[in-house]
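Chain A is already provided as a structure; the job is to place chain B on it using the hints.
2 protein chains.
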Amino acid sequence: MALLKDLAASRVVIEGVEPLIDGGRFAVKRMENEPLTVTADIFSDGHEIIAAALVTHGGEVEGLETPFVFIGNDRWGATVRFATPGPYRYSIIAWRDVFGTWASDTKKKRDAGVDIALELREGEAILEQAAESGRGSREDAKALKALRARVEKFRKLKDEAALYAVFTEAETIELLRRCGVRANLSRYPVQVPVWVDREAAGFSAWYELMPRSQSGDPKRHGTFDDVIARLPDIREMGFDVLYFPPIHPIGKSNRKGKNNSVTAKEGEPGSPYAIGSHEGGHKDIHPELGSFADFQRLVTRAADHGLELALDFAIQCSPDHPWIKQHKGWFDWRPDGSIKYAENPPKKYQDIVNVDFYGPDAIPSLWVELRDIVLFWLDKGVRIFRVDNPHTKPFPFWEWMIAEVRAVDPGVIFLAEAFTRPKLMKRLAKVGYNQSYSYFTWRNLKWELREYLTELTKEECAEYMRPNFFVNTPDINPLFLHTSGRPGFRIRAALAATLAGNYGVYSGFELCEYEPLVTGKEEYKDSEKYEIRAFDWKREGHIRDDLALLNRLRQSEPALRDFRNLEFYQFWNDNVLYYGKRTADLSSFILVMVTLDPHQPQGGHFEVPLWEFGLPDNGTVKVEDLVNDRQFVWSGKVQHWWFEPAELPYAIFRLSV
Amino acid sequence: MALLKDLAASRVVIEGVEPLIDGGRFAVKRMENEPLTVTADIFSDGHEIIAAALVTHGGEVEGLETPFVFIGNDRWGATVRFATPGPYRYSIIAWRDVFGTWASDTKKKRDAGVDIALELREGEAILEQAAESGRGSREDAKALKALRARVEKFRKLKDEAALYAVFTEAETIELLRRCGVRANLSRYPVQVPVWVDREAAGFSAWYELMPRSQSGDPKRHGTFDDVIARLPDIREMGFDVLYFPPIHPIGKSNRKGKNNSVTAKEGEPGSPYAIGSHEGGHKDIHPELGSFADFQRLVTRAADHGLELALDFAIQCSPDHPWIKQHKGWFDWRPDGSIKYAENPPKKYQDIVNVDFYGPDAIPSLWVELRDIVLFWLDKGVRIFRVDNPHTKPFPFWEWMIAEVRAVDPGVIFLAEAFTRPKLMKRLAKVGYNQSYSYFTWRNLKWELREYLTELTKEECAEYMRPNFFVNTPDINPLFLHTSGRPGFRIRAALAATLAGNYGVYSGFELCEYEPLVTGKEEYKDSEKYEIRAFDWKREGHIRDDLALLNRLRQSEPALRDFRNLEFYQFWNDNVLYYGKRTADLSSFILVMVTLDPHQPQGGHFEVPLWEFGLPDNGTVKVEDLVNDRQFVWSGKVQHWWFEPAELPYAIFRLSV
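Residue numbers (the UniProt record's numbering), protein chains in the order written: chain A, 1 to 657; chain B, 1 to 657.
These are calculated hints, taken from the structure and not from any lab test.
Possibly wrong hints are sitting among the right ones.
The list makes no distinction among identical chains, and a pair is therefore deemed to hold if it is satisfied within one copy or across any two copies.
Claimed, not checked - Heads up, simulated DSS-like pairs for lysine-lysine below, C-alpha to C-alpha not over 30 angstroms straight-line:
id: 1; residue 1: 145; residue 2: 538
id: 2; residue 1: 108; residue 2: 446
id: 3; residue 1: 109; residue 2: 265
id: 4; residue 1: 158; residue 2: 380
id: 5; residue 1: 156; residue 2: 109
id: 6; residue 1: 340; residue 2: 108
id: 7; residue 1: 622; residue 2: 158
id: 8; residue 1: 458; residue 2: 423
id: 9; residue 1: 529; residue 2: 158
id: 10; residue 1: 109; residue 2: 252
id: 11; residue 1: 265; residue 2: 525
id: 12; residue 1: 325; residue 2: 5
id: 13; residue 1: 109; residue 2: 258
id: 14; residue 1: 622; residue 2: 348
id: 15; residue 1: 521; residue 2: 340
id: 16; residue 1: 446; residue 2: 529
id: 17; residue 1: 252; residue 2: 265
id: 18; residue 1: 340; residue 2: 5
id: 19; residue 1: 265; residue 2: 348
id: 20; residue 1: 380; residue 2: 529
id: 21; residue 1: 107; residue 2: 347
id: 22; residue 1: 380; residue 2: 525
id: 23; residue 1: 108; residue 2: 258
Here the structure is a predicted model, which means the values were calculated and not measured.
Chain A extracted, bound-state conformation (with noise of 0.2 angstroms):
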């Protein structure tokens, strides 16, 4: 009979839950006080009237009930804010409104001067339950004895009329929802996982540099002061995040030459990638860059100019790294005694090795260094990590270390640099990184960039995955940059920072650099992956005040912190993106309009969300042009705008009526 009890005991029926990440494996993810709206099918069999909770732990609270509310054809919502990072979890109750349901019905039946006595006489039994049932008694003493009071009140009552006023006074109904029986209470089955984080993983826009190329001399390997140097000056265009490449000793054997040569000559860096010598590995700093005490340093200098350190976390070895001798059974070795290389066959990575992660030693003590390197750098105050090619280490493995770093420090954010198929980034950000490279340097035009961007703030991912929207990294120098000229890095900088929450740029593209190693590729000529450099940060042609004022308005507008809160709107021309951001209250309503053709001067028609603001087409708002800081007002639903590439390629508006 086990079976049957279970089952009876789910009369109400709950089903249709969202959000939820493959029937609750992986966890929603939500920043601090975003709010958290559950929608659920909830119904039950008859006409009685139900009712639902949505119970929330986690945090300061355990199990506190937000009542749902009905929408409508058998759906309920209710909507929750998390205060602080950490894991949550929701799940739902439902059960018949025994009281609600007798009201209901008794009305009717008196309204219809149907006799009524012998439901008062049921409404007393609703009342006698509900002071017995307890339920009350671990919330509020008070109400079971107020309760109480109305029963003794209730039975020395005659005539119908007052007899039938205690059930419609407030305080009984308040009583009752209180404390009445919940008849057939039913139980979703699953506690649905919540991950909160603190805002940075969600909105954030980063500034990515190679330290060794910050002397200001190609000669000289740059240091973590000549980074602090520099800190002004990267605050002044309004990052809030600054991300290093690996700054860990660096291989010798099969070191790369510039531009990626396989040899490389005396004196040449090599690249950072290939971590790990006889000086060290991902524990300890390429001596040139300067001690833990200069990198401590430049941690609290970075935090008072408000921006945050990254570091990169790159798994791979040089053949040099002490590990390949402390651990063998960390690699996987072939039959002639050599370690694999990474290689896409017939291509070959000589300057790097891959751990095996399912080695015969790798499990544990493979996974438990490689999170106690993270933990590592967190103690020394690093809280960010980009995480280098995820994809290619298993799925399991990030699982496991990022909740083992999330249990000492929830506010870790991980970056996952994974450039591979959809289902493999997402299953990335499923298994807990916060943030994920994206697609976003590869979508130049206006359909592939609206397509792309619904599926990111409106699909199921939008509940677990947040894009960064680097506009060129060291490895991707966009072919769209190569002719765009200046107006291009405008259009690409002002599209970055206004349609996604997190958003970077990789040093020099403020100077409008673009110049590639081969025509028609991407990477980049000189490449500081291979050598050390030095730029003019400040040379004629740069795009910094156009960074400066996108940042300025990221952290003024509300609404610009938002990402899936994105709608596009009408504009008749297919060279102009036209979109915009708006909190609930309508108290920060941002519209952005970016020409895609860097070329030509575009313009047209396009539509003014008059409808947002509950206003007919022929209604009037104002106005503020963020860009060039004037005032204005809009008459109408359909206006013109036109724009000159090389004088400015995009539009901010802040609306209100």
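Frame of chain A, contents of chain B only:
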């Protein structure tokens, strides 16, 4: 470390599995031998080649593996069929294909002229591991032996070409497929339930009649023998299920009279839905219909005519039902000692009381008794039950009861008579109902038929819900038929019979009966629910020939046995619905056109789906007009058709090349 070990075991990701109803909470449904195609996203980290298998259990096989085939974008698919009704389940395993990866990489290197001596030694190790794995042993000890022989052969060879050739031989590839080590074997954690029905669950033509109206004389109560006399008539129309409203003793208290009047006159028979009197309850036969021996004879004779009997399972009781005295704890008593009548305040249904499924003594004794009623009639040869108003009874009861009955006979079919909100109807199908009444009765326009049928055949519910398209019922005399005349009846019959797998007709429909009790309302005048009627079953104006034709085509054309194969095509007239059904091999390719306008001629151009045959737009197909028994050809994609509704409001064609 338990979590790490568990996680690590799932290196290959298996997600996005379809079909999967509520995470595997409910069964996917199929008919015997109907294909089940399972698709899933399957991928792993890195570049290794992976492989996967669908593993099915149930019937006569345990753990049958069907290889998955790569579709694209990390999606894989596999198709299976189940031969006999009953419970099945499927799951998925996936692994890294060590040999496949080796073979692919080694071929690339060899093609690029790279020395593969080391690779050949690794290949030898792969062969050895397979020979030692024992994975083949269960299946085939010979395979392991053959593998060992391969290893020996390999060791005697010297020449690189000869050594490499060992791995490109078909036998090696087949042996490694069967016995090769499955690296990182990962298992999808859900055993997805599949319920397999006999064909009648998804393909059936129902004919409903009131046995007491079959005497041919409204003054004489019909008997089972009168029904036997009508069997040839019914079979002539081609139906295969014969369904009766309740045949149990009818209560006398508060008996309803002619046309649903609140009090019956002396001699009026009452509604058969007021079940139970001093003559018995749900396990008894209304004496005027005959004896159990008569009933058994009817079951047998119906079967002789190719008709299977379906009974009504209506749980409500008349106030005279024996249970009311025998099982007080099965009812909801009011403070004055009365039982709550069925009511929808302020309306009351005084001839019926409902049991209380959660009453003080209801669990388990009421639930068991209700199950035993079904088992009782199953024992009398009834394997199809039409259940009255199941949505007013608890879903857990149905789930439990249907499972219990199926454990006795997996061929029992339950039809849910729930005309209620969409999610409740779907839930009933999920908890086990094999067939469901539908909204078809109220869908008359082209757009609404297309929309509804697309939901039913293409959305998730198609995996578990099988509608039964009744054209009318004793309670539903559709408004469309009040004014449509005979063409309207032919229209609705053609739609129901060709759109749905299951469809049904309530007797009188073939005579174009439509007189309502109240103009604009769906109740029949002089409804058989409250009185005995007599009809001339072959009176002028009947549409018996249409029904016979439609049912004959349903039997002869395999394409019409399927429901989910429905495709709508373009007919440039909003009054003409045009659709097709075809078998996968195109050997049965049926096109149907139905004018939805019973009054005016309609016609227009339409598209011949030449593309389904791979033909160009100017291609030619052979056409059989299955209604008029003519043959012709259509050359070119756009053709024309014309309907005179009074003559023939539908067209059915069979296409071939």
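We went through each hint and held it up to the structure:
{"no.": "1", "hint": "145 - 538", "in the structure": "neither (75 angstroms within a copy, 74 angstroms between copies)"}
{"no.": "2", "hint": "108 - 446", "in the structure": "neither (57 angstroms within a copy, 39 angstroms between copies)"}
{"no.": "3", "hint": "109 - 265", "in the structure": "between (96 angstroms within a copy, 29 angstroms between copies)"}
{"no.": "4", "hint": "158 - 380", "in the structure": "neither (76 angstroms within a copy, 57 angstroms between copies)"}
{"no.": "5", "hint": "156 - 109", "in the structure": "within (24 angstroms within a copy, 97 angstroms between copies)"}
{"no.": "6", "hint": "340 - 108", "in the structure": "between (80 angstroms within a copy, 16 angstroms between copies)"}
{"no.": "7", "hint": "622 - 158", "in the structure": "neither (63 angstroms within a copy, 85 angstroms between copies)"}
{"no.": "8", "hint": "458 - 423", "in the structure": "both (16 angstroms within a copy, 24 angstroms between copies)"}
{"no.": "9", "hint": "529 - 158", "in the structure": "neither (91 angstroms within a copy, 45 angstroms between copies)"}
{"no.": "10", "hint": "109 - 252", "in the structure": "between (90 angstroms within a copy, 27 angstroms between copies)"}
{"no.": "11", "hint": "265 - 525", "in the structure": "within (18 angstroms within a copy, 101 angstroms between copies)"}
{"no.": "12", "hint": "325 - 5", "in the structure": "between (61 angstroms within a copy, 26 angstroms between copies)"}
{"no.": "13", "hint": "109 - 258", "in the structure": "between (89 angstroms within a copy, 27 angstroms between copies)"}
{"no.": "14", "hint": "622 - 348", "in the structure": "neither (60 angstroms within a copy, 59 angstroms between copies)"}
{"no.": "15", "hint": "521 - 340", "in the structure": "within (28 angstroms within a copy, 80 angstroms between copies)"}
{"no.": "16", "hint": "446 - 529", "in the structure": "neither (33 angstroms within a copy, 64 angstroms between copies)"}
{"no.": "17", "hint": "252 - 265", "in the structure": "within (11 angstroms within a copy, 107 angstroms between copies)"}
{"no.": "18", "hint": "340 - 5", "in the structure": "between (58 angstroms within a copy, 25 angstroms between copies)"}
{"no.": "19", "hint": "265 - 348", "in the structure": "within (20 angstroms within a copy, 97 angstroms between copies)"}
{"no.": "20", "hint": "380 - 529", "in the structure": "within (25 angstroms within a copy, 83 angstroms between copies)"}
{"no.": "21", "hint": "107 - 347", "in the structure": "between (80 angstroms within a copy, 13 angstroms between copies)"}
{"no.": "22", "hint": "380 - 525", "in the structure": "neither (34 angstroms within a copy, 86 angstroms between copies)"}
{"no.": "23", "hint": "108 - 258", "in the structure": "between (86 angstroms within a copy, 29 angstroms between copies)"}
The earlier numbered hints that this structure contradicts are 1, 2, 4, 7, 9, 14, 16 and 22.
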